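Just need the whole structure built from these sequences, with the hints factored in.
Read off the chains here:
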Amino acid sequence: MTLAPSLREAMLGVVPSLRAFAMSLCGNVDRADDLVQETLLRAIANINSFEPGTNMSAWLFTILRNLFRSEYRKRRREVEDGDGRYADSLRSHPEQPGRVEFEELRVALAKLPTDQREALILVGASGFSYEEAAAICDCAVGTVKSRVNRARTRLAEQLSIDSADDFGPDRMTRAILSAGGRG
Amino acid sequence: MRWVERKSLLLPRIEPPGTEPPEPEPPEPERGLKARRRGRLNGSVLAVLGKGLEDCFDEIRKQEVPERFKLLLQQF
Chain A
1 MTLAPSLREA MLGVVPSLRA FAMSLCGNVD RADDLVQETL LRAIANINSF
51 EPGTNMSAWL FTILRNLFRS EYRKRRREVE DGDGRYADSL RSHPEQPGRV
101 EFEELRVALA KLPTDQREAL ILVGASGFSY EEAAAICDCA VGTVKSRVNR
151 ARTRLAEQLS IDSADDFGPD RMTRAILSAG GRG
Chain B
1 MRWVERKSLL LPRIEPPGTE PPEPEPPEPE RGLKARRRGR LNGSVLAVLG
51 KGLEDCFDEI RKQEVPERFK LLLQQF
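As given, the protein sequences belong to chains A and B, one line each in that order.
If you count by our numbering, then the first sequence holds residues 1 to 183, one letter each, in order.
If you count by our numbering, then the second sequence holds residues 1 to 76, one letter each, in order.
Simulated from the structure, these hints should not be mistaken for laboratory data.
Don't take each hint at face value.
[Said to hold, decoys possible] Negatives, chain A to chain B, calculated, CB over 12 Å: (1) PRO113; (2) THR114; (3) ASP115.
[As the list claims (entries may be wrong)] Below, in silico cross-link-like pairs of lysine-lysine (BS3-like), each with a Cα-Cα straight-line distance of 25 Å or less: (4) B:LYS51 with A:LYS111; (5) B:LYS62 with B:LYS51; (6) A:LYS111 with A:LYS74; (7) B:LYS51 with A:LYS145; (8) A:LYS145 with A:LYS111.
All values derive from a computational prediction rather than experimental measurement.
Think of the CB as a built atom: it goes at the ideal place given N, C-alpha and C, for glycine as much as any other residue.
Listed below in structure tokens is the structure:
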């Protein structure tokens, strides 16, 4: 089987986003990369089912999501994180101020139910429309919207975000600058 | 039979001087309301969350594609 160069390049271009999505599902880089590799192999094996000109990214995301749900849930502990291990695995010692909030967001994301996290990441981080995300998740558009809204609400509550000033890498810097330290 | 209203046999309590019952405090705002104000979604909160999510994912997206994937695709 030979891939057309355009298809090869298109698939390679999606790999970074695929890795990020897989990472959000698996919580582990090695497992995420294994999942991406299986996704690419599955895509290559079924390349004839891909319609040229359609959304390659959405197609690969769909394959990855289905693989995760069908195989990884069986073989590995799904990261529902009942005991907090997944969330703990994301903690790191921040090297600089502002990183704390990154980690807080990661941990809060990990605590979301899988469906909500998946929907939020597809729409909020991966840039898919609600319709595309619904196709990837094989559910109604309204369901995706509901999951995204609930995920956002839970994140905002967990992170105690009430306004743009409550979160973000600039908060620390802004606080320092406003403390009167300017020369 | 006539129903006779039963009057309370309890006499009104006479407080000693200096121990007048405190005036009722003005109603406090609902605790639930204050708690619910945190984490409400609005435009700025959505923008912050969206930026945070993108930044989190950009950390991985900006990484160089591992060789294993380049080699894999080159095989076909």
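Hints, verified against the model:
1. Consistency note on PRO113 (chain A): stated as away from chain B, and its beta-carbon is indeed over 12 Å from all of that chain's, at 16 Å minimum.
2. THR114 (chain A), annotated as away from the interface, keeps every beta carbon of chain B farther than 12 Å; the closest lies near 16 Å.
3. Under the 12 Å C-beta cut-off, the non-interface status given to ASP115 (chain A) relative to chain B holds; the minimum distance is some 16 Å.
4. Between LYS51 (chain B) and LYS111 (chain A) the alpha-carbon distance is near 19 Å, which keeps this suggested pair within the 25 Å criterion.
5. Between the alpha carbons of LYS62 (chain B) and LYS51 (chain B) the distance comes to roughly 15 Å, so the proposed pair stays at or under 25 Å and holds.
6. Note on LYS111 (chain A) and LYS74 (chain A): the hinted pairing holds, with a Cα-Cα distance of about 20 Å set against a maximum of 25 Å.
7. Simply put, LYS51 (chain B) and LYS145 (chain A) have alpha-carbon atoms about 19 Å apart, close enough for the 25 Å limit, and the pair holds.
8. Between LYS145 (chain A) and LYS111 (chain A) the alpha-carbon distance is near 19 Å, which keeps this suggested pair within the 25 Å criterion.
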